[in-house]
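Here are the chains, one letter per residue:
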Amino acid sequence: MIIQTFFPTKAITNRDLEKEFPEWTADKIQQKVGIVSRHVASEDETPLDLAEQACNALFGDHPEIKGSIDYLLFCTQNPDHILPGNSSILQNRLGLSTEIGALDYNLGCSGYVYGLSLAKGLLLSHTAKGLLLVTAEAYTKRINPKDKGNRSIFGDAATATFLTETDARNIGEFVLGTDGNGANNLIIKNGGLRFPQGNAEEKSYGSGNIYTDNDLFMDGPEIFNFTIERVPTLIKKTLKKNALEQNDIKMFILHQANSYILSFLRKITRIPEKHFYLNMLNTGNTVSSTIPVALEDLLNSNIIQSGDKVLVAGFGVGYSYGATVLTIS
Amino acid sequence: MTDEKKIELLAELFEVEESEIIPEKKLSELKWDSMNMLGLIALFKGELDIILPAAKLRTFTTVNDILQEMK
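Sequences listed follow chains P and S, in order.
The numbering used here puts the first sequence at residues 1 to 329.
The numbering used here puts the second sequence at residues 1 to 71.
Warning: the hint list may mix true and false statements.
What the hints assert, rightly or not - List of simulated lysine-lysine pairs, DSBU-like, C-alpha gap at most 35 Å:
#1 P:Lys240 <-> S:Lys26
#2 S:Lys6 <-> P:Lys189
#3 S:Lys6 <-> P:Lys241
#4 P:Lys129 <-> S:Lys45
#5 S:Lys56 <-> P:Lys10
#6 P:Lys240 <-> S:Lys45
#7 S:Lys56 <-> P:Lys189
#8 P:Lys32 <-> S:Lys26
#9 P:Lys19 <-> S:Lys31
#10 P:Lys236 <-> S:Lys26
#11 S:Lys71 <-> S:Lys5
#12 P:Lys236 <-> S:Lys5
#13 S:Lys26 <-> P:Lys250
#14 P:Lys189 <-> S:Lys45
#15 P:Lys129 <-> P:Lys19
Claimed, not checked - Negatives, chain P to chain S, calculated, CB over 10 Å:
#16 Ala26
#17 Leu83
#18 Asp104
#19 Glu222
Simulated from the structure, these hints should not be mistaken for laboratory data.
Note that CB positions come from ideal geometry on N, CA and C, so glycine has one too.
Let the hints inform the model, and build the full structure from the sequences given.
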């Protein structure tokens, strides 16, 4: 499994946010959300552009990969167009063979885990031999400029992961979940067929955060309750399904949603700090990219090595959640 | 949990003196923002093992509302 990440050049620091929201000081932001800066796509950059950069960086380091891709999975909730999907356009822009399968799928925080589940199936069924799993998001483009809460949390990024059948054999059993009852708690309401985008009145939540139905809305308390109700059980069930104990896992890599929530989850699951990944300092919450960003970070710093087992768990918009165990090779 | 412990925990959450945690105190006079709402949810789960539904949380206007729910 080879992972490549890409972050847009532009970054918004806590000091930048403090200039716009004077009471929301840089120190307070770091203390509350565990983030110092987050990358932000430029005005003419879309997730597709970020994905192209990630893929080209991957091919730059591993030129042999490009010709062996026969399946492309593209995870995004913000494609360039209503149709066609990003995957076919990316196939063309990367100069991949036309004799490949490609599809988009619309997931956020659980996207990478679901992508691994699809990759495992496609590779072990010999439907694919060389699979490129792409995650790419630019949630910052969907956040109201006057929503300091969400502007503090989210960042943009793209990742590209190349997998073969050998890698698929190192992907364990999955535990997956879906609960549409939580749909309205993390939503961009307008812009689809149900509610076309249009003039929408300003609303507020929390301490003076402003949004409209054209923007991203996230109900913090509801999301927090969802994570504390589901994620500890998700972890337990995933360990059990993979016939493993907590001690067998070198690193728990949870979707990096918000450092407050992550710290609390670590406390209630009693996972020791050294086995619990928590690092959003310079990235923020990059949605479907947080897990591959974490994996790349851990691999590059040799904190995880060949033979180690890591548990990856994604959870969020949908609600959608899932986890599995990876054996590093 | 004793009433003293409840007051201690709430004072810690809102970063005020314990003397300010009186039942009739309006939450709007304390720092009742999104972070403290998450903090209250964490407090309920961590200390009392209770899930505090967001809908319930939004009905709170006074310290007494919280104390009643902590029973």
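Subject >> Agreement of Lys236 (chain P) and Lys26 (chain S) with the hint, judged by alpha carbon distance not exceeding 35 Å >> reply: violated (40 Å)
Subject >> Proposed proximity, Lys45 (chain S) with Lys240 (chain P) (alpha carbon, max 35 Å) >> reply: holds (24 Å)
Subject >> Hinted pair Lys6 (chain S) and Lys241 (chain P), Cα distance within 35 Å >> reply: Roughly 39 Å between the alpha carbons, so the hint for Lys6 (chain S) and Lys241 (chain P) is violated.
Original post:
Are the Cα atoms of Lys26 (chain S) and Lys250 (chain P) separated by 35 Å or less?
Top reply: violated (46 Å)
**OP:** Find the nearest Cβ of chain S to the Cβ of Asp104 (chain P) and say whether that gap is larger than 10 Å.
**Re:** The assertion about Asp104 (chain P) holds, with a minimum of 32 Å to chain S.
**OP:** Verify the proposed pairing of Lys240 (chain P) with Lys26 (chain S), using a straight-line Cα cut of 35 Å.
**Re:** violated (46 Å)
**OP:** Sort out whether Lys31 (chain S) lies within 35 Å of Lys19 (chain P), counting only the CA atoms.
**Re:** It holds: about 22 Å lies between the C-alpha atoms, which stays within 35 Å.
Subject >> Agreement of Lys6 (chain S) and Lys189 (chain P) with the hint, judged by alpha carbon distance not exceeding 35 Å >> reply: violated (39 Å)
Subject >> Restraint status (C-alpha distance of Lys56 (chain S) to Lys10 (chain P) at most 35 Å) >> reply: Roughly 40 Å between the alpha carbons, so the hint for Lys56 (chain S) and Lys10 (chain P) is violated.
**OP:** Decide, holds or violated, for the assertion that all CB atoms of chain S are farther than 10 Å from the CB of Ala26 (chain P).
**Re:** About 15 Å separates Ala26 (chain P) from the closest Cβ of chain S, which puts it past 10 Å; holds.
Original post:
Straight-line Cα separation of Lys189 (chain P) and Lys45 (chain S) no greater than 35 Å?
Top reply: The given pair, whose Cα atoms are some 30 Å apart, holds under the 35 Å limit.
Subject >> Whether Glu222 (chain P) stays farther than 10 Å from all C-beta atoms of chain S, as the label says >> reply: violated (4 Å)
Of the numbered hints given earlier, the model fails hints 1, 2, 3, 4, 5, 10, 13, 15, 19; all others are met.
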